[in-house]
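Undergrad: For chain C, the structure is supplied; the task is to place chain Z on it using the hints.
Chain order of the listed sequences is C and Z.
Under the working numbering, the first residue of the first sequence is numbered 231, with each subsequent residue one higher.
Under the working numbering, the first residue of the second sequence is numbered 231, with each subsequent residue one higher.
Keep in mind that the hints were calculated from the coordinates and are not lab data.
Only a predicted model underlies this, so the values are computations on that prediction, with no experimental measurement involved.
C-beta: ideal position from N, C-alpha, C; glycine also.
Honestly, I wouldn't trust all of these hints.
Stated by the list, open to error - Far from chain Z, by Cβ distances over 10 angstroms, these chain C residues were calculated:
(1) GLN259
(2) ARG303
(3) ARG306
(4) VAL310
(5) THR345
(6) ARG369
(7) THR384
(8) ASP486
To be verified - Here chain Z is said to cover these stretches of chain C; the calculated rule only asks that three of the stretch's residues, wherever they fall, bring their Cβ under 8 angstroms from a Cβ of chain Z:
(9) 315–324
(10) 396–407
(11) 469–481
Said to hold, decoys possible - If you want a taste of the chain C side facing chain Z, the calculated C-beta under 7 angstroms gives, among others:
(12) PRO237
(13) PRO238
(14) LEU242
(15) ILE243
(16) ALA244
(17) PRO249
(18) SER271
(19) VAL293
(20) LEU295
(21) ARG330
(22) LEU419
(23) VAL437
(24) THR438
(25) GLY439
(26) TYR488
(27) GLN492
There are 2 protein chains.
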Amino acid sequence: MQTPSSPPQLTLIAVPGIPHIQPGDDLPQLIAAALERAGLSLRAGDVLVITSKLVSKAEGRFVDLRQVTPSERARRVAAVVNKDPRLVEVILGEAQGISRMRRDVLIVRHRLGFTLANAGVDHSNVGRAGEHWVLLLPRDPDASARAIRARLQTLTGVAPGVVISDSHGRPFRLGTVGVAIGLAGLPALWDRRGEPDLYGRTLEVTVTGLGDEIAAAAGLLSGQAAEGLPVVLVRGLRLPEGDGRATELVRPRGLDLYGDFQEGGG
Amino acid sequence: MQTPSSPPQLTLIAVPGIPHIQPGDDLPQLIAAALERAGLSLRAGDVLVITSKLVSKAEGRFVDLRQVTPSERARRVAAVVNKDPRLVEVILGEAQGISRMRRDVLIVRHRLGFTLANAGVDHSNVGRAGEHWVLLLPRDPDASARAIRARLQTLTGVAPGVVISDSHGRPFRLGTVGVAIGLAGLPALWDRRGEPDLYGRTLEVTVTGLGDEIAAAAGLLSGQAAEGLPVVLVRGLRLPEGDGRATELVRPRGLDLYGDFQEGGG
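Here chain C stands alone, though its shape is the one from the complex (with noise of 0.2 angstroms):
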């Protein structure tokens, strides 16, 4: 139905097919296999958003409970917010300090920068036996993506977009989004200033948190667990030029009015 004169439109498409994935697991393969299977083709310009949880697995991010020492420090918070202190000494590992603190919420400044609950650190879908696995975010997600693209070019001969994305939730809002952690082949950010708005005036503040935006909208096709859809293909966006990394949507700390520590970091 795409004519030359057809409106602009997207079509995201949840690729069937991914399996459960394991430690050293050759990811990209796998998505090329399943991407084969369904009878896509990637074409330039697609963008592919892979959960985090996808990749942490096949990098072997699990951590088991049962081999963790709770500092002095992790037992204190685990008071506060009335988790296991082998889990909290796993989530101030990843942090760089603790945002908000108080019964069953830990919000942390990730190392990576990213503000969010519990340092990303996720006990469910783990796919593990027992309570006591749980699963960190991506090492480097931003390499991550980068390697995927790679890969995948070698694998198909067209080198995607990549976003690695994770759902957090928000200060002020609520409700979990799909937002980017890892991301190679576009932008992350999209700045319009200095263009003119419809009327002529320069438009005000439209700097884009595109990755972000591609990220929420894979979120509506992948988000749910239980339906297992964690890569989803995003094909017609007009992205501009550029390959940026996630780590750039994440507010510099002299830009960030919010971002007090209550612990650590100072």
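TA: Here is chain Z on its own, set in the frame of chain C:
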């Protein structure tokens, strides 16, 4: 290409030919006409995402700053944030209190509960000659969404979901993203707590900001003022039952760990 075995897929189409909107315009009628000209018939399950600016214009939410006399408080705040005291007067008139202020930045809690810069009062794309016209957010965007939905049902026989979107900055991340400030005919939040995950564990934190993810997705097409694409049709969402309001996306004060006011609202 959609066959019974096709993977879950989402299509977003920027509705072409939406005219410039004037106060009093029958916005749903203009949208229905644009859909018809584009050969797009609404179907059950479709969601229309409409930028708040379009709705505000139809509702005539213009303010002429020449008619505004700034209060003493507005003058004091204006000196801190380096803005026109009359503009600050208008912003404070829309606000419950000031969340953060400093030079060039005025973040408030809007009377509707949303925390955002300048109470959403906008200079760009207002479409009236001179620097003295500004545009407020719709008076009651949830009611607007409900009315637009009902009118579209009358006009087309189909009641689409309606999301009224705005672009907001975020405390910890750079770049604006689309969020829902008005909503009708679909849930604002998707609560999946209690459902089993892939491995039979109970999902932990799975209330999704559905309305916001839809607005962010549409922002990928509509967000850019220069392109003039303020209405996006979203097709293929598998929506849960429900008829929510965007104000449900506002984090209640008791669950808001960053909601201290710098001034007002205390």
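Undergrad: When the nearest CB of chain Z is found for PRO237 (chain C), is that gap smaller than 7 angstroms?
TA: Holds - the Cβ of PRO237 (chain C) comes within 7 angstroms of chain Z, reaching about 4 angstroms at its closest.
Undergrad: Would you check whether ALA244 (chain C) satisfies its interface hint, that is, whether its CB is within less than 7 angstroms of any CB in chain Z?
TA: Given a least distance of 4 angstroms, the restraint on ALA244 (chain C) holds.
Undergrad: Going by Cβ atoms, does GLN259 (chain C) stay more than 10 angstroms from chain Z at every point?
TA: Given that every Cβ of chain Z is farther than 10 angstroms from that of GLN259 (chain C), nearest at about 19 angstroms, it holds.
Undergrad: Just want to verify: ARG369 (chain C) was marked as not at the interface with chain Z; is every Cβ pair farther apart than 10 angstroms?
TA: holds (21 angstroms)
Undergrad: Report holds or violated for the interface hint on TYR488 (chain C), using the least CB-CB distance to chain Z and a cut-off of 7 angstroms.
TA: holds (4 angstroms)
Undergrad: Can we keep the LEU242 (chain C) interface hint, with Cβ of chain Z closer than 7 angstroms?
TA: holds (4 angstroms)
Undergrad: Would you settle whether the hint for SER271 (chain C) is holds or violated, based on the nearest Cβ-Cβ distance to chain Z being less than 7 angstroms?
TA: violated (13 angstroms)
Undergrad: Are THR438 (chain C) and chain Z close enough, Cβ to Cβ, to be under 7 angstroms, as the hint says?
TA: THR438 (chain C) check passes; min Cβ-Cβ to chain Z is 5 angstroms, inside 7 angstroms.
Undergrad: Can you verify the interface hint for VAL293 (chain C): is its Cβ closer than 7 angstroms to any Cβ in chain Z?
TA: violated (17 angstroms)
Undergrad: THR384 (chain C): least C-beta distance to chain Z exceeds 10 angstroms?
TA: Holds, since 25 angstroms exceeds 10 angstroms.
Undergrad: Quick one, is the LEU295 (chain C) hint okay against chain Z at 7 angstroms, beta carbons?
TA: violated (15 angstroms)
Undergrad: Any Cβ of chain Z at or closer than 10 angstroms to ARG303 (chain C), or is the non-interface label fine?
TA: holds (20 angstroms)
Hints 5, 8, 9, 17, 18, 19, 20, 27 from the list above are not met by this structure, while the remaining hints are.
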